[in-house]
Structures are given as C-alpha cells and as structure tokens.
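Enquirer: This is what each chain is made of:
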Amino acid sequence: MSQSNREQLRRDQAAQAKQKRLNRIIGVGAVVLVVVLIGVFIAVLFQNQAHTSTTSSATPPNATGSKDGIVVNPGKFTAGAPVVELFFDYQCPVCKQFEGIYGASLKSLAASGAIELRYRNMTFLDNNLNNDASLRAGIGAVCSDFAGKYSTYHEQVFANQAAKEGDGYTDEMLRVTIPATVGITGADLTSFQSCYDKQTTKAFVSGTNEAASKAGVNATPTFHVNGKDLSLQTIAGVKPEGLGDLIKQNA
Amino acid sequence: MSRRSPSYTDPVSDTSAISLHRRPWQEWATLAARLILGVTVLVAGLLKVTRLDASVQSVRLYQILPWDVAGFVGIALPILEIVVGLLLITGTFTRLAAIAGSALMLAFIIGIASVWARGISIDCGCFGGGGAIEASLTAYPLEILRDTGLLLTGAWTVWRPRAPFAVDNWLFAPLDPMVSEPEPIAEDDKESTR
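Chain order of the listed sequences is A and B.
Just so you know, our numbering puts 240 at position 240 of the first sequence, and the rest follows in order with no gaps.
Just so you know, our numbering puts 143 at position 143 of the second sequence, and the rest follows in order with no gaps.
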C-alpha cells in the first residue's frame, strides 16, 4: 500500500519535473520568437516613419507627370521628340565628369527642342557614403525649380562638387553660395531658403530616387533614350557635338 | 536497467557532474565554432541595423528579389542576424540557431555567386555599406571563401551542438535520474541526438 503510494508520489514528481522542464523550454522559445517579431515590427515601422515625413511637401512646377523627375525644357520640345532621361547623384564623381563633357550639348539639344530632357535625381550615394549630401543637394535643386533656376542650379551643384568623394556639400554652399551664383534673389531667395530649410521638397526627391530604383537603375550616371538604356561606353564613343545624332539613332 | 550506466560512457547526460578535463574535444570545437559564427553575424547585424536604408539598398543591388520583397528582407535581415548571433553566442537553442546561421551563409554564398556570374560589380554589403563598385574592386572569391568557412562552423555546430557555457545546458538539463526513472527513455534519446 505505502509502496504504491510512494510509487505514485514519485510518478507525480516526475511528471511535474517534466512539465517544468517543458514549460522552461517553451517559455524561452516564446521569448526569442517575440523578440524577433517585435524587432522586425519596430524596424519596419521605423523605416516607414523615416520615409513618410509629415512636414509640408511640395511638387515642383516642372515635375514630370509621374513625379519621377523634372523636365528641364518644358514646352520647348517638339511633339514626338525623343525623351532623354539622365539619372544622376550629386555626389557621383563620374556624373560631374559627364556633366562637364556632355552637359552643354544636352542643354542646347533641349533648348532647340530636339529632345525632351528629364533629370532624374538619385540619392543612393548617401547610403554608400553615410551622409545626407545627395539628399540635401537634391532638395536645394528642386527648391530652385520654384524660382525657375533648376537647370543652372543643377549645373552649379556639380561645379561645386567636393574633390574628395564623401566630403559632400555644406548647407552654406547649397542655400547661399549657389543661389547667389545662379541669380536667385529677393523674395525668390527668401522662399528658396525657406523651402531648403523646411525640406519641403524632400518627399519629392525621395520619390525620384525610389522611382529610379524601381526602374532598375542602381548606378549613375545612367542615360535613357525613350526608356532604353544607352550605355556610357557608347556615349563615350562620340564627341559632345555628336550626341544629338547618337540620340536620334537610338530613339 | 542498463541505462543507468556509469557516466563516462555517456558523459553528456550530466554536464554538471563532469569536470572540464573530461569534456570531449568536440565540445570545445563547438564552443569555438559557435562563437566565431555568432560574433560574426552579430557584428554584421549591428552594423546594418543602424542604417536600414543602406541595408535595403544592398539587398536590391543583388537584383535577385523583387523590389518590395528586397525592401522587407533588407530590414528583417539585420534583426535576424542579431538574434541568431546572440543565440549562438549564448548557446541558446544552439542547433536551431546554427541551422539558421548556416542557412544565412548558404544564402549569402548563393547571392554572391549569382552576382559574380551575372557580371554585376558590387560590394557584398555583408557588414553594412555596400554599393555598386568598380569591377576591379570586387572581392567575390574572398567573400565566398569567408562565408564558406562560416558555413562550416555552422554545419559543425548543427552536427555537434553540445558545448560548454551554453544556456542549453540549463534549458535542456536532463531530469534528475532518481525522479525521471519511470520514463527515462525519451530523455536519453533526446540527449543522444543533441
């Protein structure tokens, strides 16, 4: 009798110990799972927060219809003219070189109406260089569109690119020096600086970067004619004055 | 019953009772493997988690996953790496963590090999950073070699998860043999597989 009681007691104790061990394992497992889920949840939330800034946002007057860039020569190009898109990042040294060699040629083609020229601003070098200079330069450039100075501001940003990649642009350069150079003055300057300081065009610039990335562009400069890639090697094969013909051939 | 055998034939069944010099060398190898893989993925995760934009961008540069999926993976990957790293370092759910760590390494090796084969020039972004780089600056063989080494430490740990200084030794401690007498078989089976 007492023998079987002892037996029973031992069985109960064993069952209890087993249950306790199981609870311990499940408990720790649950904690790990919850930590992973909360971690991912917070990170996704944080990331979305960073991308949908609640500050005022504005679309520049010469934005493309799908807000993926800015039309450099609105109303000047003839109907059916090839659409030329230039993808660039303001911190990209090769983009500066490209601008120096082919920029003037592109602008004269745009002014003559032979092409529709669209600038598509990217900011991915901020991630590679761990700064925010591409974004700030983009914000300044798009702000300048409200004063009708986008294309010259763009040119000046590249002209003032730091010699060492990663040194970026100072706020002083973007909100005072370049506007003065391109002739943004008076009331225009006040609203330009307010636009820059409040980052009113940040959402637009993030949008152009995202649209370019979605379009599969992940290196700059990238040159599209009617949506098709025209490689830098091909372009480098012609002199700046031959660019118009090359575009026509590839349109 | 024969399963109440002397502990030296089954030294892993009661870790608390073994003195250090009686641990088989494999357990020390596992500790080293666990720590190498764990510290590496933990550091990789920590370097990425503070710069999620860059992490997402790195994943997209592989041009393997759809744009939106890559966006999620870029965010979730650093978190996963941190958790797997911590689990491996502390020896918690060692085998599962090692499976996850090995799977990560295998995925990285496949990703890098795929990028290499397609002639895309990128920094692997393994420890944050990343980005498109000149073809002459790519280090694919070295990156694959490193990840293969880490995969081996992971595989070893999956095979022999038991090691000193592990939360598992407490978490999965065998029941007191005196109490567990009625049903020791399941426990012993568990031990032999762990």
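Just so you know, the hints here were simulated from the structure itself, not pulled from any lab data.
Every residue, glycine too, gets a C-beta built ideally from N, C-alpha and C.
Just to be clear, a hint being listed does not mean it is correct.
Said to hold, decoys possible - Distance ranges between label pairs, derived from CB positions:
#1 S2/A with L152/B: 52 to 62 Å
#2 Q26/B with A17/A: 24 to 34 Å
#3 V43/B with D171/A: 15 to 25 Å
#4 L145/B with G183/A: 49 to 59 Å
#5 A117/B with A163/A: 32 to 42 Å
#6 Q97/A with T90/B: 43 to 53 Å
#7 W116/B with S194/A: 17 to 27 Å
#8 S112/A with F127/B: 25 to 35 Å
#9 A32/B with V28/A: 20 to 30 Å
#10 V43/B with D229/A: 30 to 40 Å
Enquirer: Against each hint, give a clear statement of whether it holds in the structure.
Expert: Structure-based check of each hint:
Taken as a hint, the range 52 to 62 Å holds for the pair S2/A and L152/B, whose Cβ atoms sit roughly 58 Å apart. Separation of Q26/B from A17/A is about 29 Å and conforms to the stated range, judged on CB atoms against 24 to 34 Å. At roughly 34 Å, the beta carbons of V43/B and D171/A sit outside the given window of 15 to 25 Å. One distance hint, 49 to 59 Å for the beta-carbon pair L145/B and G183/A, holds here, with the actual separation near 57 Å.
Roughly 37 Å separates the CB atoms of A117/B and A163/A, a value that falls within the hinted 32 to 42 Å. Between Q97/A and T90/B, the C-beta spacing of about 51 Å keeps the proposed range 43 to 53 Å intact. Restraint check, W116/B to S194/A: a C-beta distance of roughly 49 Å breaks the suggested window 17 to 27 Å. At roughly 49 Å, the beta carbons of S112/A and F127/B sit outside the given window of 25 to 35 Å.
A32/B and V28/A have their C-beta atoms about 24 Å apart, which keeps the hinted 20 to 30 Å range intact. Look at V43/B against D229/A: about 37 Å separates their beta carbons, and that is inside 30 to 40 Å.
In this structure, the hints that do not hold are numbers 3, 7, 8, in rising order.
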